[in-house]
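Protein chains: 2
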Amino acid sequence: MSTSTSKTLLPFSEIEALLARIFVRHGTSDDVAKVLAANCASAQRDGSDSHGVFRIPGYLSTLASGWVDGKAVPRVEDVAPGYVAVDAGNGFAQPALEAARPLLLEKVRHNGIALLAIRNSHHFAALWPDVEPFAQDGLVALAFVNSMACVVPHGGHKPLFGTNPIAFAAPRAGADPLVFDLATSAIAHGDVQIAAREGHTLPEGYGVDRNGEPTRDPAAILDGGALLPFGGYKGSALSMMVELLAAALTGGNFSFDFDWSQHPGAKTPWTGELLIVIDPSKGAGSNFAQRTEILVREMQDAGQTRQPGDRRYRQRAESARVGIAIDTCELEKLRALAGEG
Amino acid sequence: MSTSTSKTLLPFSEIEALLARIFVRHGTSDDVAKVLAANCASAQRDGSDSHGVFRIPGYLSTLASGWVDGKAVPRVEDVAPGYVAVDAGNGFAQPALEAARPLLLEKVRHNGIALLAIRNSHHFAALWPDVEPFAQDGLVALAFVNSMACVVPHGGHKPLFGTNPIAFAAPRAGADPLVFDLATSAIAHGDVQIAAREGHTLPEGYGVDRNGEPTRDPAAILDGGALLPFGGYKGSALSMMVELLAAALTGGNFSFDFDWSQHPGAKTPWTGELLIVIDPSKGAGSNFAQRTEILVREMQDAGQTRQPGDRRYRQRAESARVGIAIDTCELEKLRALAGEG
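Going down the list, the sequences are from chains D and L.
Per the working numbering, the very first residue in the first sequence carries number 1; after that it's consecutive.
Per the working numbering, the very first residue in the second sequence carries number 1; after that it's consecutive.
Calculated directly from the structure, the hints in this document are not laboratory data.
Hints may be right or wrong, so weigh each one.
Said to hold, decoys possible - Residues from chain L that face chain D, not an exhaustive set, calculated with beta carbons under 10 Å:
#1 Gly82
#2 Ala85
#3 Gly89
#4 Gly174
#5 Lys234
#6 Phe258
#7 Val322
To be verified - Some residues of chain D that are not near chain L, with every Cβ distance over 12 Å (derived):
#8 Asp49
#9 Arg109
#10 Ala175
#11 Arg321
Backbone N, C-alpha and C define an ideal beta-carbon position, used for all residues, glycine too.
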């Protein structure tokens with residue numbers, strides 16, 4: 001393990017452009033590269049270590065394997081007044097969301113609620129970037145994405161669910177939105193990878209080894225083992241709900257549906273994603289952002305000093321002030337990947 | 001504690017009619033009595049002990065206190081193509097849902113998704129009866145209801161959130177729907193009341209006493225103490241989301257907003273409820289109920305033998321076969337409450 005690490009500070013635009021060049025060089029279209037680079041740079045900027053540039057080798061590995069189409073053009077379908085579907089064409093989920101965003105927003109503003117069902121898509125990023133922009137626009141958003149069979153249902157013995165996060169964003173009056181993004185597994189897969197890399201043990205109740213026995217060793221979890229849902233049967237029920245919403249409803253794969261064994265190096269779950277977006281300016285809740293602010297003050301008064309999303313906003317502000325910190329060795333590797341070594 | 005209890009078996013219609021007579025005799029309209037009686041009898045039928053006839057004294061106490069209007073007529077508002085609002089008029093949430101159901105269903109079938117925002121309402125029942133009927137009709141439903149400040153936010157010291165359940169229902173092909181109804185508190189308030197009545201201690205991590213210290217004594221939780229969220233910060237974030245959806249969005253009270261101190265005997269939280277209903281026959285997920293069935297088979301194969309809702313359906317079938325079991329002493333009390341003692 002490294003004992004001293006040198007960090008380089010870079011502006012957002014520089015990291016974003018570097019990542020975009022890497023994506024294009026490894027087989028994505030310019031459009032796809034732009035969306036993925038902005039997404040990944042945002043995670044790095046906000047201190048989401050497990051979804052920042054740490055993810056780049058996984059992206060490139062999956063692109064090289066032919067498992068995902070980095071040049072897919074999403075096909076947006078206007079299926080009902082409140083219902084947008086997108087066939088991501090075996091590409092990434094984020095460009096599919098971008099392609100559908102204008103129609104989705106139009107429907108939300110008109111109907112008060114609308115749904116975006118993305119299928120045939122790969123989601124390899126954090127989920128909060130998918131909901132936060134809606135709340136920045138005064139809307140309330142929920143997102144659900146399933147992934148790959150790595151979580152044992154409560155009471156079961158075999159991995160079946162993905163880490164299946166739920167993300168939620170709500171506007172606040174005069175402050176950044178309340179945003180959470182939580183894996184319904186006891187721990188996110190990216191955090192297990194980081195713990196394994198750094199040699200940390202995990203708390204009890206996070207996972208099992210390849211024999212279904214409880215383990216605190218992240219390497220044993222990654223080596224044929226599995227995660228457990230958070231919060232026992234309740235987290236397991238929520239994970240099941242994510243499978244139904246993100247896969248069954250959209251027409252995407254369940255987390256156990258796909259077989260990537262013919263694509264060595266494939267890393268990205270080939271599933272679906274569901275977004276539900278609500279316009280709170282309809283109806284009696286028209287002062288929604290003010291009500292949110294009241295709730296936040298009460299939570300602070302009750303002793304909950306840090307609100308969901310706060311740590312990201314603080315890191316974001318710091319990154320805007322001094323630049324985004326990247327490990328200098330990692331930056332050299334990234335430049336080499338862009339052919340600029 | 002009683003050591004031998006005698007049970008009487010009654011058909012559903014008889015319990016339902018008895019409960020309706022009790023409600024009317026204690027100040028509700030015929031319409032409200034009909035809805036509440038069906039709801040409460042269904043919980044008794046399905047073995048939901050904490051939401052069956054056990055709840056009747058609480059209903060009558062709150063009606064007697066003048067805190068809730070048992071004769072309220074819900075006012076349904078068609079606020080946008082996908083958005084129905086109901087002012088429950090300080091009445092119960094269930095009659096408000098019934099009043100809005102036809103318009104809500106029309107909107108769901110047309111738009112693919114619709115929302116029902118109930119405010120100025122009292123919810124004193126289980127939440128699963130609010131979602132199950134939609135899934136019986138082939139729809140997917142989510143419901144959120146906040147209650148009364150009795151849950152300490154993660155990292156805080158003062159109760160603020162309600163038990164704030166989330167309910168979900170999804171159709172299965174050729175089987176009863178998958179339905180869950182889970183409090184975002186570590187335990188439902190009704191179960192704490194039952195544990196206190198029966199003298200049981202609770203597991204660790206369920207609640208705190210009036211000084212904010214962890215306790216396993218249900219009486220200490222009820223006597224000025226509070227519950228904890230399930231699953232640590234994740235359950236706490238979900239509970240916060242329920243406050244925002246069920247209260248801020250609908251225009252209802254937060255769980256900490258209302259003051260019932262001038263209404264001794266008041267038991268029912270005066271808050272709001274949000275339902276989101278989706279028609280899966282739109283878009284690519286048109287085989288939704290078949291996909292659900294595949295997921296259920298995989299869950300069974302993974303060793304999860306009991307699916308969400310199964311226990312209720314089994315008890316429901318048993319009740320249909322032999323009648324609904326009610327403690328004979330309790331039944332005598334109920335008859336007395338109906339003036340038929």
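Tested hints:
Proximity of L:Gly82 to chain D holds as hinted, the smallest CB-CB distance being about 3 Å (cut-off 10 Å). With a cut of 10 Å, the hint placing L:Ala85 at the interface with chain D holds, because the nearest CB-to-CB distance is about 4 Å. The beta carbon of L:Gly89 is not positioned within 10 Å of any beta carbon in chain D (closest approach about 13 Å), and the interface hint is therefore violated. Residue-level restraint check for L:Gly174 is violated (minimum Cβ-Cβ distance to chain D is 15 Å; threshold 10 Å).
Among the interface hints, the one on L:Lys234 holds; its C-beta lies about 5 Å from the nearest C-beta in chain D, closer than the 10 Å criterion. Taken as an interface hint, L:Phe258 does not check out: its beta carbon lies about 13 Å from the nearest beta carbon of chain D, beyond 10 Å. Annotation: interface hint on L:Val322 violated; nearest CB of chain D at approximately 28 Å, more than 10 Å. No Cβ of chain L approaches the Cβ of D:Asp49 within 12 Å, the least distance being about 18 Å, so the stated non-interface status holds.
The Cβ of D:Arg109 sits about 9 Å from the closest Cβ of chain L, inside the 12 Å cut-off, so the non-interface label is violated. At the 12 Å boundary, the C-beta of D:Ala175 stays outside the reach of chain L, the nearest C-beta of that chain being 14 Å off. Every C-beta of chain L lies more than 12 Å from that of D:Arg321, the closest at about 27 Å, which supports listing it as non-interface.
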